[in-house]
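Asks: Going line by line, the protein sequences match chains W and V.
Be aware that the first sequence starts at 1, since it is given in my numbering, and climbs by one per residue.
Be aware that the second sequence starts at 216, since it is given in my numbering, and climbs by one per residue.
Read the hints as simulated data drawn from the structure, not as lab findings.
The C-beta atom is built at its ideal place from N, Cα and C for all residues, glycine as well.
Errors might be hidden in some of the hints.
[Stated by the list, open to error] Calculated Cβ distances over 12 Å to all of chain V for the following chain W residues:
id, residue
1, THR137
2, SER172
3, SER178
4, VAL189
[Said to hold, decoys possible] Okay, derived cross-link-like pairs now, BS3-like style, lysine-lysine, Cα gap no bigger than 25 Å in a straight line:
id, chain 1, residue 1, chain 2, residue 2
5, W, LYS88, V, LYS397
6, V, LYS423, W, LYS88
7, W, LYS44, V, LYS308
8, V, LYS331, W, LYS44
9, W, LYS44, V, LYS330
10, W, LYS120, W, LYS28
11, W, LYS120, V, LYS308
12, V, LYS399, W, LYS44
13, W, LYS44, V, LYS344
14, W, LYS44, W, LYS88
15, W, LYS44, V, LYS397
16, W, LYS115, W, LYS28
Listed here are the chains, written in short residue letters.
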Amino acid sequence: MKRIILVTLLCMTGLSVKVCGQLQKGTKHWAGTVNLTGIHTHRKDPPGAPSGSSYFAVYPSVQAGWFTRNNRMIGVGLGSSLYFLHNKSELASQTYRAGLNNLSLSLSPFIRQYKSLSAKWALFLHSNANFSYLRVTNFQDSVKDFETGYNVGLQVNPGISYWFSSRFALESDVNLLSLGLKYQHLQDVNSVNFNSGITTGLSNYFLLRASWYLQ
Amino acid sequence: MAQTEGKHFISGTAGINFNNINPSESETTNGYGYNFNIDIGKFRTANTATGWSLSNSLSGSKSSHSRVEGIPSTYNGINGFGFGLGRFWQFYKHFNTKFGLYAGPQLSLGYAFNKKYDDGGANNVRAEKDNTFTLAAGVSAGAYYQFTERWWITGSIGFSNPVSVEFSMVNSKHLSDQSTFKSKNLTYQFLPAITFPSVGLGLRYFLKNN
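If we strip away everything but chain V, and leave its shape as in the complex, we get (with noise of 0.2 Å):
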């Protein structure tokens, strides 16, 4: 049996990312952002373990859109970013000292914002900024290979979200004429269904313990 209790554990996922487009007949437009998510737990038993998810991302970039009189016609700064946050519950059936399986709950809460340009052509350029609150309740499975004393390698078997709810204000500017949209979306879903990622693997540190 893996001696898991009372044992700290963090794991999680980061990236960042660059690109630039330089055409012969328009301007050099470029992006850039990150995005990380950590999740931190910590076994009670030794069968299961509780924990927080953080994540958070960030994206900016250099852009064009059609002519807008008196208005410069490229966008250079962030136009996006969100955070995340959710608790997890997994319970675990350790076959042996190095592998095993686990399962449960977790509950999440997201904010993330988007500003883009909806083009329709020379002074019909829209600014729109979105704001959207995600609520989502779901479980997820994952298998465990334990390689080392301190790392595991953790791969997802299965997900479901039966239960999400999001909300999100859209505020939508014209540039010729500063005249403002607003519109609100509710979105809600119940769906009782398994899904089975494709890709899932990750990697699982564990911390000394004081």
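One chain only, chain W, in its complex shape (with noise of 0.2 Å):
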């Protein structure tokens, strides 16, 4: 008890000579988020002309990285979203289809700087780069095409980390101070996109990571 306390003295003094067990030098991490939406609707509108159309969207995303020195990883994370939009109506016992695929895989290499609050709670400071491809797919019947394109960005932003026990923890990014900067080209447009945001009002809202510190 002595020792935890100790510990937890030393994490939050932020002087600390011994880092807390999570955070240590040539420790592992793994993190994952996934959220989806589906939306379906079936029409009898006008009779005899029924007409149906699905949304239905996909955002998962891991990471993986090591801690390189006490307080600091490099990893790399991967995200995606799959967004699909399906509309198929008959008339005149004929099926009309159309409908819109949008998918983005983006890689992310990042370099995070954590200071701990507690044994249990932990600030992290989250920079990455990220490179992103885009497809988008239209299609009405049977024509179908498609376009592709890329972005690029630097993004900081801060989080903050729970550990419910010593290998297991849940992780959310904070918007109190963000700072974004992106570029990017589809479908003939081009596009620059810079942000940053200083705010006390946290946001009242927070996805939720798993992650996995393995030592």
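Assembling the complex is the task here: the two chains are given apart, and the hints tell you how they should meet.
Replies: And the structure:
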């Protein structure tokens, strides 16, 4: 018990000679999250000409990292967003289909610096570069065409972690401060996007990531 | 430590509302309704409570829509009602005799009926009836402060509804020729996120043990 209190106190002072167990050099880190939404509609409107539409979107992401020194991790994240929108209608026994498939794949190497608050809580600053491949497919009956594009960006944001056990934690990004720069090329459109935010107001929405720390 | 084991409690929200709009160049419209939500629970041990939540709402109105031949252009009556039933489990951390935190999962099932007029101008008005069924699983957390033995004030800290499924059936009827259109919608979501509410204070009353 005394040892836990001592380690906690040391972690809290930030002058820690001894880092919290999970953040030591050599620790491996895995994390992932997913969220999805689906909406399916079937209409008999007008009668004799039924139609339907389906929307489905899923956003999975994983990341892996290694502590190169105490409290500092380098790693790489892999994320994807998949978005499907399909419409189908029948008129005079003919079926018409149209829709859109949207795919993006991104690779983001990152550096993350941790600061322990206690044995269970830590803050981190996550800086990453992001390279995404985008592909948009439009289709109408048998006619299909697609366009590809890419975007590159830099992003810095803080986050917070809470350890449920020595190996398992939940973490979330926090919007107190963020900095981002993005360049995108898609469908003959080039766009540059810069955002920065410094706020003391917390957003009321935190997407959680499950994470594992393995020694 | 607060003496909680074996105690029953009740908490909830209730509201009624009325409104009346009286424009100079068209008909008077009004609306009225009520809603309530009651949680009834029992502390199984000093640190765990389970219970049920019940909710009910009803709304009505007097409203007007564009003229359709042969049909009155005002509607007067009930246009919505809903029921909900939920089961909750709460786990407590009592810091001292007055103050503590709680968190736990809940499951809920709901039904709602709504009727509205989709007004597309003269002779193009649809009466839309909407039946919605909802199933949701979530987690919520809160804090309490005991200011008398019988009364607690509670505040919600955060909640998460990672899983929800909703099914709705919409029946839409053209008032001019009585033709009916139907549609069905299924919506589902998996979203492992925490939402922090801006306001969420409540009172909880402990019943006398027999």
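Asks: Determine for every hint whether it applies to the structure shown.
Replies: Okay, the hints, checked on the actual structure:
1. With a least CB separation of 24 Å from chain V, THR137(W) remains clear of the 12 Å interface cut-off, as annotated.
2. Some Cβ of chain V comes within 12 Å of the Cβ of SER172(W); the nearest lies about 7 Å off, and the non-interface call is violated.
3. Annotated as non-interface, SER178(W) keeps its C-beta farther than 12 Å from every C-beta of chain V; the closest such distance is 17 Å.
4. Residue placement check: VAL189(W) keeps its beta carbon more than 12 Å from all beta carbons of chain V (closest about 30 Å).
5. Under the criterion of a C-alpha separation no larger than 25 Å, the hint pairing LYS88(W) with LYS397(V) is consistent with the structure, at around 16 Å.
6. Distance check on the hinted pair: LYS423(V) and LYS88(W) sit about 61 Å apart at the alpha-carbon level, beyond 25 Å; violated.
7. For the hint linking LYS44(W) to LYS308(V), the alpha-carbon distance of about 53 Å lies beyond 25 Å, and the restraint is violated.
8. Restraint check for LYS331(V) and LYS44(W): the C-alpha separation of about 19 Å stays at or below 25 Å, so the hint holds.
9. Note on LYS44(W) and LYS330(V): the hinted pairing holds, with a Cα-Cα distance of about 19 Å set against a maximum of 25 Å.
10. Between the alpha carbons of LYS120(W) and LYS28(W) the distance comes to roughly 18 Å, so the proposed pair stays at or under 25 Å and holds.
11. Our distance criterion of 25 Å between C-alpha atoms is met by LYS120(W) and LYS308(V), whose separation comes to about 17 Å.
12. Straight-line distance between C-alpha atoms of LYS399(V) and LYS44(W) comes to about 9 Å, which keeps the hinted pair within the 25 Å bound.
13. Distance check on the hinted pair: LYS44(W) and LYS344(V) sit about 15 Å apart at the alpha-carbon level, within 25 Å; holds.
14. Restraint check for LYS44(W) and LYS88(W): satisfied, since their Cα atoms lie roughly 12 Å apart, inside the 25 Å limit.
15. As the CA atoms of LYS44(W) and LYS397(V) are separated by approximately 5 Å, the hinted pair is consistent with the 25 Å bound.
16. This hinted pair checks out: LYS115(W) and LYS28(W) have alpha carbons roughly 17 Å apart, not beyond 25 Å.
Of the numbered hints listed earlier, those contradicted by the structure are 2, 6 and 7.
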